[in-house]
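Trainee: Residue-level listing of the chains:
There are 2 protein chains.
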Amino acid sequence: MLYFITGNKNKFSEAKAILGEVEQIEMDLPEIQGLDAHEIIRAKLLEALHHHDGEFLIEDTSLYFDCLNGLPGPLIKWFLERLGNAGLAKLTDISGDNRAEAKTVVGYAKNHEELFFFEGSVRGKIIPPRGETTFGWDPIFLPDGYDKTFAEMSRDEKNATSMRRQALNKLKKFLESAG
Amino acid sequence: MLYFITGNKNKFSEAKAILGEVEQIEMDLPEIQGLDAHEIIRAKLLEALHHHDGEFLIEDTSLYFDCLNGLPGPLIKWFLERLGNAGLAKLTDISGDNRAEAKTVVGYAKNHEELFFFEGSVRGKIIPPRGETTFGWDPIFLPDGYDKTFAEMSRDEKNATSMRRQALNKLKKFLESAG
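Chains as they are written, first to last, in the working numbering: chain Z, 16 to 194; chain L, 16 to 194.
In isolation and in its complexed conformation, chain Z is listed as follows (with noise of 0.2 Å):
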């Protein structure tokens, strides 16, 4: 059995949606610290499958800042949490560089030996805070090619763009070609 590891039921929807057999389980999983989402997925994906029978999937969708040279990244929620959306709109606004590439690294693990990764990234600019405040960054993220933030897109529209959705195709045809 293949087990999504997420507190989040929209993730753990969309990933369904594209994978088809899969469950959700929630798992209180340490995270180490540092900016390398690989290293922080490994860690937990090893720690899962010391507890739990199963293939499991992890994902860490995050924020990177060119002016910040790939900063906040996995730390993204520290920064929230101290300057909120606003105050990384300032951020990026007083250093005259406001591009960005939102992440998300989905990590599986089959055993021990065998872990993979799939990406799915989207560049886009940081700008002041517009639409619905209610799922981190989305507010701050205007994704190149749109006029609308993430926090503006209905849920289809996001899927639709999404660095997520990337990241789970490319781990769906990994799995439909491993068989």
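The hints are simulated quantities; they were obtained by calculation from the structure and are not laboratory data.
Where hints are given, some of them may not hold.
Since copy identity is lost for identical chains, a pair holds within one copy or between any two.
Said to hold, decoys possible - EDC-like, lysine to aspartate or glutamate: derived pairs with alpha carbons at most 20 Å apart: (1) LYS92 - ASP51; (2) LYS26 - ASP159; (3) LYS140 - GLU128; (4) LYS92 - GLU46; (5) LYS92 - GLU191.
Given the coordinates of chain Z, work out where chain L should sit on it, guided by the hints.
Mentor: Just chain L now, kept in the frame of chain Z:
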């Protein structure tokens, strides 16, 4: 026996000079993610008590920028990795507020139930790097009332200013009064 958990000989020498009865020990303790030095230290102390007999000290010395509402704090290592000292100085410069606090938190675990914390802090300014570049962010921190960065000071000068010494002196008084 009281053990100071650190891989840094200079930090240990300073603690030994102040506290007297203390031994150095190196332990590879996982660092939880976060902005709260107390929580990070607490997790490490509890882990150390699981693996080794004795009483333990751990310290965290971090840099807190006013312009980032207290970031980077314990995340300073990742900021340094991505931006370097010159990048950090530029960041505070463009923000228009280069005020910062250098803060040490020392945690002392007598046992699982008795954990104590002692703090020391020094206010100052972030400036373009000056002096030896051997130790972290020392080249960009100019403490109030001095015309040298930490990196330009001799070891004795720096220790006399030190937020670490303040915290260790508080611990020393506590240990003496606890008898």
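Trainee: Run every hint past the structure and note whether it holds.
Mentor: Verification of the supplied hints:
no.	hint	verdict
1	LYS92 - ASP51	both (14 Å within a copy, 13 Å between copies)
2	LYS26 - ASP159	neither (22 Å within a copy, 49 Å between copies)
3	LYS140 - GLU128	neither (38 Å within a copy, 49 Å between copies)
4	LYS92 - GLU46	both (12 Å within a copy, 17 Å between copies)
5	LYS92 - GLU191	neither (34 Å within a copy, 41 Å between copies)
Checked against the numbered hints above, the structure violates hints 2, 3 and 5; every other hint is satisfied.
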